[in-house]
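Sequences listed follow chains A and B, in order. In this text, residue positions in the first sequence follow the working numbering: the first is 1, and each later residue adds one. In this text, residue positions in the second sequence follow the working numbering: the first is 1001, and each later residue adds one.
To be clear, the hints were calculated from the coordinates, so they are not data collected in a lab. What you are looking at is a predicted structure, and each value in this text was computed from that prediction instead of being measured. Here a beta-carbon is modelled for each residue, glycine too, at the ideal position from N, C-alpha and C. Don't take every hint at face value.
Unchecked claim - So, partial list: chain B residues that the calculated Cβ filter (under 7 Å) puts toward chain A:
| id | residue |
| --- | --- |
| 1 | Met1010 |
| 2 | Ser1012 |
| 3 | Tyr1013 |
| 4 | Phe1039 |
| 5 | Pro1044 |
| 6 | Ile1047 |
| 7 | Gly1107 |
| 8 | Ala1111 |
Claimed, not checked - Subject to a maximum C-alpha distance of 25 Å in a straight line, what follows is the list of computed DMTMM-like cross-link-like pairs (lysine to aspartate or glutamate):
| id | chain 1 | residue 1 | chain 2 | residue 2 |
| --- | --- | --- | --- | --- |
| 9 | B | Lys1069 | A | Glu103 |
| 10 | B | Lys1054 | A | Glu82 |
| 11 | B | Lys1052 | A | Glu54 |
| 12 | A | Lys13 | A | Glu82 |
| 13 | B | Lys1052 | A | Glu82 |
| 14 | B | Lys1052 | B | Glu1014 |
| 15 | B | Lys1003 | A | Glu82 |
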Amino acid sequence: EAGVTQSPTHLIKTRGQQATLRCSPISGHTSVYWYQQALGLGLQFLLWYDEGEERNRGNFPPRFSGRQFPNYSSELNVNALELEDSALYLCASSLILGTANTEAFFGQGTRLTVV
Amino acid sequence: LAKTTQPISMDSYEGQEVNITCSHNNIATNDYITWYQQFPSQGPRFIIQGYKTKVTNEVASLFIPADRKSSTLSLPRVSLSDTAVYYCLVGVSNYGGATNKLIFGTGTLLAVQP
C-alpha cells in the first residue's frame, strides 16, 4: 500500500513568489494535516483538513492557505514568500481522529527554499 | 488541549534501556497518549499508543500510571540508529468541536553513543 506522498521533494523560489505543495494521503484516509519544520526546530501545526473542509488552523498568517480535493488529496499554498518560510513542509494523513487508536502517517516532506 | 512536557535531550549508550518520560497533567478522559519518532529531514513515524497501564509492541513499551498524568516510553537495548527526536502527543480530535489535537511539542532528542 502506498504511503503519504508529497510533491515536489524540493522547491526553490524567490522572495515574493508563490509556492504550491501537494500531498496525497493514504487510500481511505480523509484527514490531512500540514506542518512546517524550520531547520533544527520542532513541527509547527499549520492546517487540518477533513472531508474537504478546513477543520483547524495553526498560528500562521493568511498567506498560508490550502484546500482538500474530493479525492482527499491536498494542496498547501504559500503566497508572498519570505525568507523565513524556508523549511521542511510535512503532510500527514489519518482516519478521522476521534475514535480509539488512530495514528497519523507522514510523508517525506517538501523542502522549500526561499532565496 | 493537554500540554506535554518532555526533557529537551537525553544521552545513552548502545545496548542500554532508555526511558523517556512525558508529563501531561491536564489529560482528558478521552485522550490517548501517542509517541512518534523523527529522524532528520524525515516525517515523524508512529511508535506506540496507549490509554492506560502498559502497552508493548515490537519496538517499544509504554507505561502509563493510574492517574495518567504522565507516561514513559521505554526503548530496550538502543542502538546508534535510535538516535532521533521522540515526541509525546496527547489527545484525539473532538470532531464535533472541530478541535485538532495532533499538536507536537518540542520533543526529546535522544543521542545514542557507541
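Verification of the hints:
Of the supplied interface hints, the one on Met1010 (chain B) is violated, with its beta-carbon coming no nearer than about 16 Å to a beta-carbon of chain A, more than 7 Å. At a threshold of 7 Å, the smallest CB-CB gap from Ser1012 (chain B) to chain A is about 21 Å, leaving the interface hint violated. Given the 7 Å rule on beta carbons, the hint for Tyr1013 (chain B) is violated: about 24 Å separates it from the nearest Cβ of chain A. Checking Phe1039 (chain B) against chain A by beta carbon gives a least distance of about 11 Å; that is not within 7 Å, so the hint is violated.
Nearest Cβ of chain A to the Cβ of Pro1044 (chain B): about 5 Å, under the 7 Å cut. The hint holds. At about 9 Å, the closest approach between the beta carbon of Ile1047 (chain B) and any beta carbon in chain A exceeds 7 Å, and the interface hint on this residue is violated. Nearest Cβ of chain A to the Cβ of Gly1107 (chain B): about 6 Å, under the 7 Å cut. The hint holds. For Ala1111 (chain B), the interface hint is violated, since its Cβ never comes within 7 Å of a Cβ in chain A; the closest pair sits about 14 Å apart.
Between the alpha carbons of Lys1069 (chain B) and Glu103 (chain A) the distance comes to roughly 21 Å, so the proposed pair stays at or under 25 Å and holds. Taking the CA atoms of Lys1054 (chain B) and Glu82 (chain A), the gap is near 46 Å; set against the 25 Å cutoff, the hint is violated. For the hint linking Lys1052 (chain B) to Glu54 (chain A), the alpha-carbon distance of about 32 Å lies beyond 25 Å, and the restraint is violated. For the given pair, Lys13 (chain A) sits about 10 Å from Glu82 (chain A) by alpha-carbon distance, which is consistent with the 25 Å threshold.
Taking the CA atoms of Lys1052 (chain B) and Glu82 (chain A), the gap is about 44 Å. The hint is violated against a cut of 25 Å. For the hint linking Lys1052 (chain B) to Glu1014 (chain B), the alpha-carbon distance of about 29 Å lies beyond 25 Å, and the restraint is violated. Between Lys1003 (chain B) and Glu82 (chain A) the alpha-carbon distance is near 30 Å, which puts this suggested pair outside the 25 Å criterion.
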